[in-house]
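Q: What follows is each chain in one-letter form.
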Amino acid sequence: MTRVRLIAAAALAAIVAQPARAQLGSYNPPPGPQKTFAIINARIVPVSGPEIAKGTVVISGGRIQAVGASVAVPTGAEVIDATGLHVYPGMMDAGTSIGLSEISQGANATVDISEVGSFNPNAMAYYGLNPHSAHIGVTRVVGITHVVTRPTGGILSGQAALVNLAGSTAPQMAINRNLALVIELPRSGFGGRGFGGFFAAQQGPANTQEVNRTRERQLDSLRTMLRDAEAYGKALDAYAKDKSLPRPRQDVVLASLVAAVRGQVPVLMVADRASDIKEAVGFAEENKLRPIIVGGRDAWQVASFLKDHDAPVLVTSVLDLPTREDDPYDVNYGAPAKLAQAGVRFAITSGDAGAEARNLPYIAGMAAAFGLSREDALKSVTLWPAQIFGVGDKLGTIEVGKVANLVVTTGDILEAKTDTKFLFIDGRLVPLESKHTDLNNKFKDRP
Amino acid sequence: MNRIFSLATVVTLAAGSLGAQAQPVAAGAGATLIKNATVLTVTKGTLKNADVLIQNGKIAQVGANIAAPAGATVIDATGKYLMPGIIDPHTHMMSDAINEGSLSVTSMVRIQDILNPTAVNIYRALAGGVTSINILHGSANTIGGQNATVKLKWGESVATMMFPGAPPGIKFALGENVTRKNQNQIIVVGQPTPPRRYPISRMGQEQVLQDAFTRARDYKATLDDYKARVAKGEKNLVAPRRDLELEPLVEVMEGKRLVHAHGYRSDEMLMLLNVAEEFGFKIQTLQHGLEGYKIASEIAKHGAGLSSFADSWSYKIEAYDAIPYNVAILMRRGVNTTINSDSDERVRRLNIDAAKLVRYGGLTEDEALATITINGAQQLGVADKVGSIEVGKDADLGLWNNHPLSVYAAVDKTFIEGKVFFDRQQDLVMRDQKAKERAELEKAEASASTRRGVQPVLPQEER
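Chains as they are written, first to last, in my numbering: chain A, 1 to 447; chain B, 1001 to 1463.
I should point out that these hints are in silico values taken from the structure, not numbers from a laboratory. It should be emphasised that the depicted structure is a prediction, and the values quoted were computed from it without experimental measurement. Nothing false has been slipped in among the hints.
Only pairs whose alpha carbons sit at most 30 Å apart, straight line, appear in this in silico DSSO-like list of lysine-lysine: (1) B:K1436 to A:K338; (2) B:K1035 to B:K1048; (3) B:K1301 to A:K444; (4) A:K278 to B:K1443; (5) B:K1443 to A:K338; (6) A:K338 to B:K1080; (7) A:K442 to B:K1316; (8) B:K1058 to B:K1393; (9) A:K234 to A:K288; (10) B:K1316 to A:K444; (11) B:K1436 to A:K278; (12) B:K1436 to A:K307; (13) B:K1181 to A:K442; (14) B:K1282 to A:K444; (15) A:K444 to B:K1044; (16) A:K307 to B:K1443; (17) A:K338 to A:K307; (18) B:K1282 to A:K442; (19) B:K1301 to A:K442; (20) B:K1227 to B:K1256.
Model the full structure from these sequences, guided by the hints.
A: Given below as structure tokens:
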């Protein structure tokens, strides 16, 4: 059903009355209602405290109502006997663009990840998010229940959203549609990935100067825009208090920046190299922004700086090949352990646009194979990303009052062999079908 | 080749060498005894608290309480796991070039001519327990070049790295990479856009195959005729001119050269199987074959193997119907199936990719391990030498600190023919020495830190 035939399929769907298969990636079955559930006889890993060898978790109204070894099952609750199974808080992938790009190569029409131009603070992932992306279904069944999805490209890429991976519409999925601003600060110097850096550098010193000048101009434009947004916010406030003042001319671009320049929402700053990371934090502080570093490949090299400035890091590079030929082979595998040791706040993320986000638990596992404790590896994909985004009181652990994003597994949630038996998002039971189980079922017994 | 170096000698060598990574260590006077490991033989089950004796580069004994021969190096592997060296049936590692993209048929070019035996990614793969790889051309041509099966004897010459006795092979390719439908989107300012080249459709691909093998069949007839006349004693014959394009294709038709064919969609793979059957040869492996599960019966009937990704998908149109159950579906139909990396990054963690197959499709642990060991050995025609822990096979082994299907596992030591090519403890010692050496050198050359180098860009992989 893929490829250009999709177009024909979409047209046919109306006739054959199969709307669930009418669109590219409409394979995610909707979650059930927010009922009262009691998961009993389970090994519970609350993350917030010690494991409970055999206990019960009660969910109702989308929240965790009770958790413990001797919790009564409410009357009328749907009981799930989890004998031999394990309950974990749902994982959070804080470094994706899930739902914004279905097929990156050869199907441009499915890519809504970037806007035209360099300054798009008002481009919201929330409006690019396709709730029916097949990536969502295959990601959640490994126990990733909520993600940060962000636009990319340019300098001001747009606004990231925090979304649950269940729901038929963006409003049903969104936890916070204006979670954070995304800035991809132009890099200093050369030597990075991609054609631009390489070909530009080949053209010699004259070009180096030109690149640096361009970068300075871009940074100046960014500073100006941020100051304008601050002034715009003040003007709006003043007008709200005193309607006799001239009404400020409405500006959707500046309006989208006000929360960030006031420090009300954090700013995701994409940076991998040590110098770029320091520069990003410096730029943020200079402009009174609250930075969260995304990428953070070399963050361990500037760990004390990051700790001093209390700048958290979303690590996307655990599985990246070492950049330099003489780097230790495990330099990136071992980076999270170094950050933990140095007391830097961080989360491990897939760093993937969407299709491979489901590798998140194994990426955290790799960090644990190279020095990070298993407990911290689990926190780095549950509680810590939630705390970095200020939602640690709502997500990331199994505690009373928190959003009921839970996974019932056959084993250690970070192990690749482990399977998911039950999945709850927002207190709703989510079917474990996906595009992949669908095709498996269609073809596994084909003669 | 195995000589004893004392630890002091090794450290001296290490301190004197310029590369940052650990140099291979020659260990044991022809004998190494690995004691008290959990031995994952893959073909003969799992042995707890077992010993493996390595002599002359081969696995000499497997069992309990093996006595160490005099002079043997003894490794206490208590709590550790020993598995066969991982085999990656699809990589472009070490390659200074990947595609000869000018023609549709480039059967004359050879990977072994452009290999870099010092590529650091060899060492990184060794650190992931990998010992043998199949280096293929890219997927630019319907009929690509001749592949190279290589043992990762990092630091040795290409000649000694070539897998002895491995049957020769050739890369074919189908689908989007051949038709170059995606290249229109990648426009680099200042770089020439690739010229259009036949074929630009799957129709053309079938005809490229038909044409090439029709010509190869004629060439073979000419050769056979010549040989027959020579055999009859005819004199003054002029030998047919050697055709470097068709010669490998004749070898394919004679079953002397293995075809490893890149393809994604089930229809294009089925087309290839049919063309092969028409010309009387077999496809050894379908590479990627992400829609293989849609034609599992046809693949099984033809007798082709398939080398898949564990779960990569959706990166292009022809990968949109890829499912992680592919391997399980094919394996249940009796198709020899493997996992490959196609990537210098992913090759380092094929064990985790294999573990995913336990989840998706319910492979047993031995079946999952087979997809990165013995099955690959069979696909490359070297199963008599590697791929399992059996007496008489090459001592190509990985010693892991945890079960290799666990995400928490890391490699302690990697052996090829009994020689240690990766040793984590040694690596840790040497990286400290290198860091010191580097600091001293940078101090001595004050200007060094102000220089800005440019990373060389390696050819892009096409998967």
